[in-house]
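Those sequence lines, one after another, are chains A and B.
Counting the first sequence from 1 gives a position; this note's numbering is that position plus 129.
Counting the second sequence from 1 gives a position; this note's numbering is that position plus 264.
These aren't lab readings, by the way, just hints derived from the structure by calculation.
Covered stretches of chain B (chain A as the covering partner; in silico rule of three or more C-beta atoms under 8 Å from a C-beta of chain A):
| hint | region |
| --- | --- |
| 1 | 302 to 308 |
| 2 | 373 to 379 |
Which residues of chain A face chain B? A few of them, derived with a C-beta cut under 7 Å, are:
| hint | residue |
| --- | --- |
| 3 | Phe-163 |
| 4 | Ser-178 |
| 5 | Tyr-227 |
| 6 | Phe-231 |
| 7 | Lys-233 |
| 8 | Gly-234 |
Beta carbons are placed, not taken as given, at the ideal position from N, Cα and C, and that holds for glycine.
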Amino acid sequence: QKEVEQNSGPLSVPEGAIASLNCTYSDRGSQSFFWYRQYSGKSPELIMSIYSNGDKEDGRFTAQLNKASQYVSLLIRDSQPSDSATYLCAVTSGGSNYKLTFGKGTLLTVNP
Amino acid sequence: GAVVSQHPSWVICKSGTSVKIECRSLDFQATTMFWYRQFPKQSLMLMATSNEGSKATYEQGVEKDKFLINHASLTLSTLTVTSAHPEDSSFYICSARDLLLSNQPQHFGDGTRLSIL
Chain A
130 QKEVEQNSGP
140 LSVPEGAIAS
150 LNCTYSDRGS
160 QSFFWYRQYS
170 GKSPELIMSI
180 YSNGDKEDGR
190 FTAQLNKASQ
200 YVSLLIRDSQ
210 PSDSATYLCA
220 VTSGGSNYKL
230 TFGKGTLLTV
240 NP
Chain B
265 GAVVSQHPSW
275 VICKSGTSVK
285 IECRSLDFQA
295 TTMFWYRQFP
305 KQSLMLMATS
315 NEGSKATYEQ
325 GVEKDKFLIN
335 HASLTLSTLT
345 VTSAHPEDSS
355 FYICSARDLL
365 LSNQPQHFGD
375 GTRLSIL
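Bound conformation, chain A alone:
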């Protein structure tokens, strides 16, 4: 059973702070890693993708990948109330570069 684990939260941070979201996965063959943001009642929206070890930055978002530790994280700098949502970690299954396994998501609340 290939699994993706996330801290379900809720994670609460003050406006302007850094929010740190973590994810671990069990399939060592996974090649692609994604963070999606999902507002209540809406479908997931891609925030970041990362494919190699290290950091990847896009605006206020930084994804970090460590394949040896089977760990991927998302940092949100200068958190805004509009960042309040559920963040889903998704990982491709080993042997398939497109079939995704999702974590249960972390609910983030940014307090004004």
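Fit chain B to the given chain A structure using the hints.
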């Protein structure tokens, strides 16, 4: 960017009704589309992988005779929930991959909220 259109957004119908949901890739070709189901406060669960021109691949525990998938073209996949019952009420979401771009993320439709009375 890539756009996936899903229709309808909401369906409310009586128990025993069959419901068809459409998923279209608007500006790219998709040999593969995916159908997910999400119950309240839970994550997305993959139901099936829809392959253009061939039979869909269903995940363990998903009844292929109840959830009929047709992927007749590179831009359209449909999911039909046959003889729907209240326990089928859920948020159904499709996604698609661009045929020309390997290793790229899936693009999601806006989802269909299905309520069976």
